[in-house]
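Visitor: These are the residues of each chain, in order.
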Amino acid sequence: MALSTPSIFEHLTAAFPELTLAHDEAAPCIIVPAAGIKDVCLQLRDHPDTAFDFLMSLSGIDFADGTLGVVYHLASMTHKHKLTLKVVVPKDAPHVVSVEKVWRTADWHEREAFDLYGIVFDGHRDLRRILMPYDWEGHPLLKDYEVPEFYNGMKVPY
Amino acid sequence: MGLLSQQYDDGNIVLTTAEGVLNWARLCSLYQMSFGLACCAIEMMAASASHNDIMRFGVIPRPSPRQSDVMIVAGTVTLKMASRLKRLYEQMAEPRYVVSMGSCSNCGGPYWEHGYHVLKGVDRVVPVDVYIPGCPPRPEALLEGWMRLQEKVRTFTTVRPKATDNAAA
Amino acid sequence: MADLKENIAEHIESGRLKTDELILHMGPQHPSTHGVLRLELVLDGEIVVKVIPHLGYLHRCFEKHAEAMTYPQVIPYTDRLDYLASMNNNHGYVLAVERMLGIELPERVEYIRVIMAELQRIASHLVAVGTYGLDIGAFTPFLYLFRDREYILDIFEKTCGARLLYNYFWVGGLSHDVHTGFEKEVGDFVKYFRPTLTEVNTLLNYNKIFVQRTANVGVLPADVAISYGCSGPMLRGSGVDFDLRRDDPYSIYDRFDWKVIVGDGEVGTLGDCWDRNMVRMKEMAVSCDIIEQALASFPEGDVTTALPKRIRPPKGAEQYARVENPRGELGFYVVSDGTANPFRVKCRAPGFVNLSVIDEISQGHLISDLVAILGSIDIVLGEIDR
Ligand code: SF4
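Chain order of the listed sequences is A, B and C.
Each residue of the first sequence is one higher than the last, beginning at 46 in the numbering used here.
Each residue of the second sequence is one higher than the last, beginning at 2 in the numbering used here.
Each residue of the third sequence is one higher than the last, beginning at 2 in the numbering used here.
No lab work stands behind these hints, which were simulated from the structure alone.
Where a beta carbon is used, it is the ideal one built from N, C-alpha and C, also for glycine.
One or more hints might be untrue.
As the list claims (entries may be wrong) - When the alpha-carbon atoms are kept at most 20 Å apart in a straight line, the in silico SDA-like pairs for lysine to any residue are as follows:
#	chain 1	residue 1	chain 2	residue 2
1	A	LYS125	A	LYS188
2	A	LYS188	C	SER228
3	C	LYS185	C	PRO196
4	A	LYS125	C	SER228
5	A	LYS200	B	LYS87
6	C	LYS310	C	THR71
7	A	LYS188	C	ASP338
8	B	LYS87	B	ARG97
9	A	LYS200	A	ASP180
10	A	LYS125	C	LYS260
11	C	LYS316	A	VAL133
12	C	LYS316	A	THR129
13	C	LYS310	C	MET70
14	A	LYS127	C	PRO73
15	A	LYS146	C	THR71
16	A	LYS146	C	ASP224
17	A	LYS188	C	ALA341
18	A	LYS131	A	PHE108
19	A	LYS125	C	LYS310
20	A	LYS200	B	ARG97
21	B	LYS87	C	MET27
22	A	LYS146	C	LYS310
23	B	LYS87	C	MET70
24	A	LYS136	A	GLY183
25	C	LYS51	A	ASP171
What the hints assert, rightly or not - Covered by chain B, according to a simulated footprint, are these stretches of chain A (three or more residues, beta-carbon under 8 Å):
#	stretch
26	177–190
27	196–203
Could you put together the complete structure from these sequences and hints?
Guide: Rendered as structure tokens:
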């Protein structure tokens with residue numbers, strides 16, 4: 046049976062009384078603390094009522110107010126419902142627990158978020174840059190990123 | 002021999018210069034390094050498939066740079082790719098030619114302004130003989146560019162320049 | 002000979018002769034990596050032990066561009082993500098923005114979008130199957146399939162003026178109406194095209210060599226496919242009956258009568274390379290069905306009535322829209338901050354996710370099978386690296 050975001054929120058608050066979860070009704074999404082995201086995801090994946098077996102997308106985001114975010118879009122193939130989870134972390138210590146062991150999709154997506162935003166996923170087995178060269182400096186999708194003048198002797202700006 | 006059959010009075014003698022024969026032979030069998038980068042490579046494939054058939058110009062795609070004469074840079078060259086591209090160019094045997102296909106390899110194309118990881122023009126790393134504009138250039142444009150390249154090969158000379166040439170120039 | 006073998010075995014055992022794994026780099030310039038992918042292969046003789054893909058050789062900073070452009074200006078960049086399926090890419094992006102703005106589309110726009118998207122799906126699958134033949138060593142089918150693809154491109158060119166990158170779907174409509182005679186041309190094409198599928202089947206797909214190269218190679222079990230997030234023909238080739246056009250309906254796909262193609266392990270194991278390729282072949286016929294039904298009830302009307310004057314979604318609005326691209330689930334996550342530029346656009350590229358499974362399914366195969374596996378994933382580097 047397809048569940049809506051509010052009922053999943055109720056389900057989660059019952060399952061995790063110690064976590065401070067919040068429900069953002071405008072988006073709609075559920076905001077999860079960075080340390081608890083893996084447990085929440087495991088619960089969502091393994092509980093037969095929710096059965097989120099498919100991670101559609103995992104995106105990093107720079108809110109431009111000193112915080113970074115990670116947005117998880119989940120879907121269930123059996124119940125055909127969807128859910129959005131959000132994690133907000135401070136920019137100077139961007140640590141999120143990795144969900145790579147929950148869905149293998151997260152492996153490359155987390156590497157991408159690390160590459161482009163510098164978000165560190167604790168517990169990821171192989172957190173390397175994925176798109177940019179391994180010797181690149183900085184994380185280019187941050188809002189305050191400045192393009193370097195030269196890379197390996199090649200001029201970067203036009 | 003089709004057109005030429007029984008057209009001559011005697012013998013099979015054609016007079017030409019050594020240079021003419023050499024250039025003619027070379028321009029009719031310019032081997033291309035099969036090497037696609039991005040969207041333009043799809044048009045390059047379309048140019049070598051049915052409908053356009055670039056093989057009638059004597060173009061045979063070779064997978065190895067050591068066997069090829071021309072590198073068509075078809076698509077966006079990124080900074081990560083640029084050093085590899087230069088390496089490939091250096092592996093080709095002389096005389097070698099580079100055709101830059103599409104705006105991206107000409108000057109960065111749509112990515113010129115915010116492309117922090119795009120090389121703004123392949124001529125920053127290798128010398129280019131023919132530029133083909135377009136995003137993507139049509140296969141016909143590639144054929145036109147190819148004919149321009151053949152013109153360039155045709156004017157290649159084996160004659161050492163004389164001192165008077167420089168004075169005239 | 003036997004002596005020699007025993008000798009070698011003895012040497013290895015005694016530790017005088019050392020064996021080691023070989024590391025081989027495939028790409029970024031390689032005829033069968035479909036662009037600029039680099040694979041680092043760990044080999045034990047001819048056997049693949051591990052595959053480590055290195056991406057990013059075509060990273061063109063799409064997401065940074067999207068933040069610096071206005072909403073309509075992003076559409077041409079979405080074209081260039083998956084350049085074999087530009088129409089479908091446009092569709093995903095405009096769907097996300099339209100849902101943020103709450104735009105209702107005229108009937109005719111929806112019909113044209115569906116027809117164009119399905120034609121594009123055929124064109125993309127034609128390239129996929131054709132180049133797959135090339136990888137396996139069959140050159141002729143490539144020529145046949147590219148011939149048919151040119152007919153589709155001709156129709157696109159007449160309508161939007163471009164052969165490859167169209168910028169045709171706009172937020173709230175289309176850049177302009179189809180040309181006169183469009184219905185007839187598309188109808189004629191579909192009639193012409195159906196029999197050629199049988200031709201390709203005899204030429205390529207049931208060819209004995211092709212079957213031996215692809216059947217039982219690169220088997221992807223259904224649960225692995227779901228865990229890795231594979232979608233499109235990758236997922237359906239493994240026997241999972243899932244298609245976004247039916248299971249998360251968008252546009253007007255729910256009005257038509259068509260069926261989702263799943264692999265059935267006809268000549269080998271379920272989920273092998275042959276199945277994935279066959280799903281693509283059969284999907285082309287399904288696309289023809291959809292196009293024919295759409296043409297039968299093609300409405301008249303104006304396609305520009307719903308085009309908004311100003312595109313500024315409300316502050317804080319966000320939307321994740323997904324569509325079924327020829328390669329799988331294409332998602333766009335768009336966030337607005339109330340200005341004319343998007344605050345964040347994330348593209349969930351199907352190829353990116355599908356490619357991540359390659360290590361899992363190629364272990365233990367010969368190095369020549371790796372080419373068959375890579376071809377059956379049907380990657381487009383433009384969307385993988387973005
Ligand atoms: S010039 Fe245009 S078509 Fe060619 S690679 Fe660049 S963006 Fe793609």
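Visitor: Hint by hint, where does the structure go against what was stated? Just the numbers, ascending.
Guide: Of the numbered hints given earlier, those the structure breaks are 1, 2, 14, 15, 19, 20, 22, 23, listed in rising order.
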